[in-house]
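Residues in the sequence shown are numbered from 4 upward in steps of one, following our numbering.
Hints may contain errors.
As the list claims (entries may be wrong) - Computed beta-carbon distance windows for the label pairs:
1. Arg-10 with Ile-179: 34 to 42 Å
2. Asn-8 with Pro-123: 40 to 48 Å
3. Pro-19 with Leu-67: 17 to 25 Å
4. Gly-42 with Asp-204: 24 to 32 Å
5. Leu-41 with Tyr-206: 40 to 48 Å
6. Tyr-60 with Thr-161: 38 to 46 Å
7. Gly-98 with Lys-149: 32 to 40 Å
Just so you know, the hints here were simulated from the structure itself, not pulled from any lab data. The C-beta atom is built at its ideal place from N, Cα and C for all residues, glycine as well.
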Amino acid sequence: MFLRNERFSEYIRFYPIVSWLIAINLFIYVWTGFFPFLGGQEIQLLGIGNNIAVLVYDEWWRLLTPIFLHATIMHVAFNSFALFLFGPALETLLGRFQFLLFYLGTGVFANVVYLFLGDPRISHLGASGAVYGLLGMYLYMAAVRKDLISRVNAQTITIIIIIGVIMTFINPGINIIAHLFGMIAGAAVSPLLLRRKTPSDTYRSASRPAEDEIGFDPDRWRKKEKWKKRRWMYLLSGAALMIGFFAVVNWIFFM
């Protein structure tokens, strides 16, 4: 579910919404970060989350636009990588339009909550609320809709969420409200969005082989046993990589 083995062209074709969201994130970051003299600075100033501008000047678009703005190269890289990793399975499960609404909706909800609970003097930006919305849906699947996610993937996502929440609280400068309420929003709407979903909906139809391509594999049971023996190794390795990634980010920006 989280391992990507498609070619670049296949990834774009199979997951167009995720691909476009990542492309927009990167394009806007390059524009605002490296070409401020070509309108990038104006885009940054008009799009950044600013509670005073929303409440006093009715600039309500600022509840949406911060999702596409990022402060640093690691900020946009981390959110884009998380979207690259966790987005495809949910785009397949929900469908393109519903996935886009879910992603943007959880991000906007997180910004709305910050509007009322956050410090109005502090501006905010980033896709973290929307990304944590994805994690919220995975958390619901791991806890309730276990038929939609394998046990290994459920264990993996649980570890990732725990690490993410811990890092949210120990790192300064993190929008804790957006992270937590983005995840809460994702989990809260999951019963509605997933109520009619079945395990078959988690598979991308374009990738299914034709019946005459399946064939007979005499070693299929042996391969299954090998996977069972190795899954804990994969799980621990994945957790170690995630811990290492968070540690590097923490060391670079907050040490």
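The hints, checked one at a time:
1. Distance hint check for Arg-10 and Ile-179: the Cβ-Cβ separation is about 38 Å, which falls inside the suggested range of 34 to 42 Å.
2. For the pair Asn-8 and Pro-123, the supplied restraint of 40 to 48 Å holds, since their beta-carbon distance comes to about 46 Å.
3. Evaluation of the 17 to 25 Å hint for Pro-19 and Leu-67 yields a pass: the beta carbon distance comes to about 20 Å.
4. Checked against the given bound of 24 to 32 Å, the beta carbons of Gly-42 and Asp-204, roughly 42 Å apart, lie outside it.
5. A beta carbon spacing of about 44 Å between Leu-41 and Tyr-206 agrees with the range 40 to 48 Å that was offered as a hint.
6. Take Tyr-60 and Thr-161: their Cβ atoms lie about 42 Å apart, and the range 38 to 46 Å holds.
7. Checking the proposed 32 to 40 Å range against Gly-98 and Lys-149 shows it is violated: the Cβ atoms sit about 22 Å from each other.
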